[in-house]
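If you're matching them up, the sequences are chains A and B in order.
In this text, residue positions in the first sequence follow our numbering: the first is 1, and each later residue adds one.
In this text, residue positions in the second sequence follow our numbering: the first is 1, and each later residue adds one.
There could be a bad hint or two in this list.
[As the list claims (entries may be wrong)] As a list, the in silico BS3-like pairs of lysine-lysine whose alpha-carbon atoms are at most 25 Å apart:
| no. | chain 1 | residue 1 | chain 2 | residue 2 |
| --- | --- | --- | --- | --- |
| 1 | A | 269 | A | 310 |
| 2 | A | 310 | B | 21 |
| 3 | A | 42 | B | 189 |
| 4 | A | 269 | A | 189 |
| 5 | B | 237 | A | 310 |
| 6 | A | 189 | B | 310 |
| 7 | A | 66 | A | 237 |
| 8 | A | 256 | A | 300 |
| 9 | B | 310 | A | 237 |
| 10 | A | 269 | A | 237 |
| 11 | B | 42 | A | 31 |
It should be emphasised that the hints constitute simulated quantities derived from the structure, not laboratory data.
2 protein chains.
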Amino acid sequence: MSVKLVKNSIGRMVPTEINGKKSVPFQGVGKYHPDYRKFAPKVATCADFPDDGNKLVDDLKTALIKAGLKDGMTISTHHHFRNGDLVANQIFKIASDLGIKDLVWYPSASFPCHEPILEYLENGTINHIEGSMNGVLGRFVSEGNMKGTGVLRSHGGRYQAVQDGDVQIDIAVLAAPIADPFGNANGVKGPSACGLLGFALADSQYADKVIIVTDHLIDFPCIPWQIHGNYVDYVVKVDKVGIPEKIISGTTRITKSPDRLLMAEMTAKLCQEAGLIKDGFSFQAGAGGTSLAIADFFAKIMRKENIKAKFARGGSNKYLVQMLEDGLVEYILDGQTFDLDGVRSMRDNPNHVDTSPFTSYNYHGKGNFASFIDIVILGATEVDVNFNANVNTHSDGYLLHGIGGWQNCLFGRNVILPIPLFRDRIPVIRDEVTTVTGPGELIDIIVTERGIAINPLRKDLLEKLKDSNLPIKTIEELKEEAEKICGKPVLPEFGDDIVAVIKWVDGTIIDSVRKVIK
Amino acid sequence: MSVKLVKNSIGRMVPTEINGKKSVPFQGVGKYHPDYRKFAPKVATCADFPDDGNKLVDDLKTALIKAGLKDGMTISTHHHFRNGDLVANQIFKIASDLGIKDLVWYPSASFPCHEPILEYLENGTINHIEGSMNGVLGRFVSEGNMKGTGVLRSHGGRYQAVQDGDVQIDIAVLAAPIADPFGNANGVKGPSACGLLGFALADSQYADKVIIVTDHLIDFPCIPWQIHGNYVDYVVKVDKVGIPEKIISGTTRITKSPDRLLMAEMTAKLCQEAGLIKDGFSFQAGAGGTSLAIADFFAKIMRKENIKAKFARGGSNKYLVQMLEDGLVEYILDGQTFDLDGVRSMRDNPNHVDTSPFTSYNYHGKGNFASFIDIVILGATEVDVNFNANVNTHSDGYLLHGIGGWQNCLFGRNVILPIPLFRDRIPVIRDEVTTVTGPGELIDIIVTERGIAINPLRKDLLEKLKDSNLPIKTIEELKEEAEKICGKPVLPEFGDDIVAVIKWVDGTIIDSVRKVIK
């Protein structure tokens with residue numbers, strides 16, 4: 001790819017054009033002002049839809065053909081079935097069999113179960129992916145094998161891109177655990193219940209054609225109608241949309257690693273000492289083993305001091321549901337359920353609220369609630385001395401993770417990254433991150449097993465914690481400590497080709513991912 | 001007004017231009033095909049909104065000024081507070097005091113409590129109303145006193161008009177019984193709880209600026225968020241948004257009139273004989289005394305024959321809630337609550353579902369559920385021998401009622417109008433209705449106290465009921481019977497001026513309302 005590159009406001013070289021479309025370089029947090037209107041989908045009419053509301057067609061192939069599947073289209077899917085998704089691969093198998101070329105796949109995330117997509121990238125059915133490119137797909141991209149350029153967006157950025165018309169979805173194929181023939185659908189009921197369908201909201205609202213695929217068809221009305229049939233063109237009944245055991249993935253147990261438990265305990269203590277754990281506070285923890293441990297430490301402090309949180313931002317799991325049921329948190333505002341307790345709670349408890357990237361994360365709205373969360377716990381593959389962090393590439397340069405809601409959550413009031421000082425003897429704190437996923441100005445605290453660094457911009461936190469017994473150091477001290485143990489890290493070798501770009505929450509380009517030279 | 005008139009497909013003369021904008025004449029049910037895109041609101045950015053989500057401003061005047069209130073703007077309100085609304089009059093008082101001129105008021109309905117609006121129509125603050133013009137407002141319009149031309153739309157047509165950009169709302173002022181400072185709001189909680197805010201959905205989604213006015217402000221998150229704060233610009237706290245006793249209006253008692261009870265009984269019997277009351281059926285009854293009596297007869301039949309309805313379309317009230325709680329209906333799909341039992345049930349019962357004109361009525365969507373309702377009971381001021389019906393004007397020519405969901409409900413499978421043969425010795429069945437609100441092809445059955453007429457288009461119903469003991473007659477026979485008793489009706493005298501138009505569900509003009517000569 002020989003496109004013009006420019007240096008963006010954070011010093012990264014990014015292309016001015018991606019897959020033939022103009023792009024805008026990152027200009028700083030809150031600096032880019034959109035001066036245009038939302039994408040305007042075509043107006044439909046009831047005259048073109050059956051009076052009895054029955055939109056069932058024979059199978060997915062029929063639905064795709066009726067939806068006008070053709071070369072170059074953008075096809076979207078959601079990832080609420082996670083590693084148990086059975087629909088995405090089928091779409092591209094059908095397209096491949098029909099000889100369709102150059103599709104864009106626009107998933108809200110991809111998983112190891114999507115390995116078969118490699119075949120369709122190789123045979124030209126898919127031109128490129130705009131969405132997370134994990135594991136084998138990331139490796140394929142990193143080695144320069146994808147025809148088009150990958151585009152990674154946060155969950156909020158995905159909503160923004162669709163709302164703003166940066167991505168125009170031709171056909172959305174939305175797997176649903178339960179649906180009626182009109183296309184109303186939800187994720188809380190049916191044998192493959194996965195909780196909610198919030199990641200599919202933008203797709204349903206803005207796609208030209210919307211196909212619901214379900215394995216549990218009931219008579220109208222399918223309530224709650226998380227997806228409105230009024231946006232849906234076709235409904236397909238299949239034997240199985242997802243493998244329930246794999247839907248419920250992610251680490252669901254509290255870590256037993258002494259180092260990680262230490263980080264979790266320090267994180268909780270720091271929040272307590274800084275006065276962040278107080279009546280009416282809010283937090284987001286996430287699903288990893290360390291995060292679960294932190295939530296557990298929070299629960300202990302809250303029980304002991306009789307503190308109640310106003311809300312917790314989920315990814316929900318049994319620990320968070322327990323806190324809700326015990327009255328430690330008043331609401332769970334949930335973006336995705338990580339286990340069956342989360343699904344049950346969302347179905348039965350009106351205070352366990354399903355959210356979407358629109359309510360929680362869309363930066364091109366009139367606010368979103370990510371910025372009111374008091375304590376936000378996130379991970380990173382690398383952090384640099386300017387507090388910039390990377391969640392997409394590993395230090396060997398390979399693109400191996402999506403962004404998820406990570407960038408969006410950076411807008412929380414106190415963003416804490418509990419990360420080990422090194423992984424496999426490779427330092428995690430660096431002079432410069434391999435890829436900037438999020439700018440340092442939004443990252444407040446780094447907690448490692450060997451010390452805590454507070455962003456100098458947060459004078460208030462430094463002041464509050466000045467008499468703390470916690471091992472508070474500078475980020476440079478942490479970096480040196482890591483390098484003392486592991487040595488200076490060896491940098492990977494990159495080619496010139498840009499294989500993917502990382503979008504910021506406002507649709508601008510914050511960094512480029514280059515081809516890895518093996 | 002000297003605009004060009006054309007004859008539409010139902011033979012009515014309608015203007016080709018209304019208030020300076022081109023309009024399309026009615027072309028027949030399902031004949032008009034929109035070939036354009038939805039209205040595209042401006043893209044907002046979180047950078048322009050407070051990180052803590054606090055959008056509170058001092059008062060409504062401040063909010064209106066911040067929203068940029070100026071001459072010629074379109075200001076919208078919803079009518080969930082019905083005759084207890086305390087917000088709409090305030091808006092125009094403020095605008096009048098500020099010397100603003102030529103506003104368009106776009107309410108989802110108006111009520112007697114809006115009589116003070118007359119002053120602002122008279123002093124030039126308001127140019128015209130697009131919405132129901134009832135009672136004194138209707139009389140004012142009918143006598144040719146409104147500067148601009150009135151435009152009446154159904155609830156679904158109002159959503160369509162906003163979605164399609166026919167009406168571009170500059171400022172939506174949305175009264176809410178409960179809200180948080182971010183603007184999330186609902187109608188089921190708070191001292192002025194009115195049930196739901198569905199009529200305000202289009203306004204929140206598409207208006208340039210959105211102001212929430214509440215008398216019950218709580219901390220984030222206000223759950224359920226029937227209105228999403230992500231669409232809201234400003235929040236105003238007032239002492240009182242509505243008078244609770246007047247919010248709950250409408251006839252809420254079963255009729256005691258022997259004639260009306262007879263109509264109700266005949267309607268129920270007819271539905272039973274035609275096989276419409278069967279397991280899994282659906283119905284919409286409404287809130288009048290006759291409708292309540294019909295629902296009561298339905299309930300008796302259902303109990304006796306052990307029949308359960310899949311869903312009832314509300315307007316909900318205590319009778320319908322009782323049927324839900326007794327298991328006679330599985331779901332209430334509710335558009336507005338008519339009493340406190342409706343509010344309580346919607347708040348507490350997940351099978352009592354709040355709907356919006358988007359899910360229920362919007363004709364420019366991919367279907368809507370109004371067309372799947374088996375039995376639809378509606379009223380009319382007049383019906384003609386072609387089954388065309390009028391709900392807007394009285395036989396004296398005066399515009400006295402809005403359309404409500406009436407046009408939208410005509411798409412139900414069996415539309416029944418139980419109406420008296422005459423009112424105040426004026427025949428209700430006529431050669432031609434004063435105003436066509438709905439075309440006869442969608443109206444199936446007229447039930448009067450003196451006989452039933454079935455639309456000849458419904459050969460299936462005529463066949464099913466051919467051996468019935470019910471007094472089935474032709475519509476002409478009913479008309480003659482009325483005229484035998486009351487004499488030929490005297491027709492009102494009209495001027496040339498078109499004072500208002502009636503829009504069909506697709507935005508085309510089905511009829512004009514002319515100035516009445518007193």
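Hints not upheld, ascending by number: 2, 3, 4, 10
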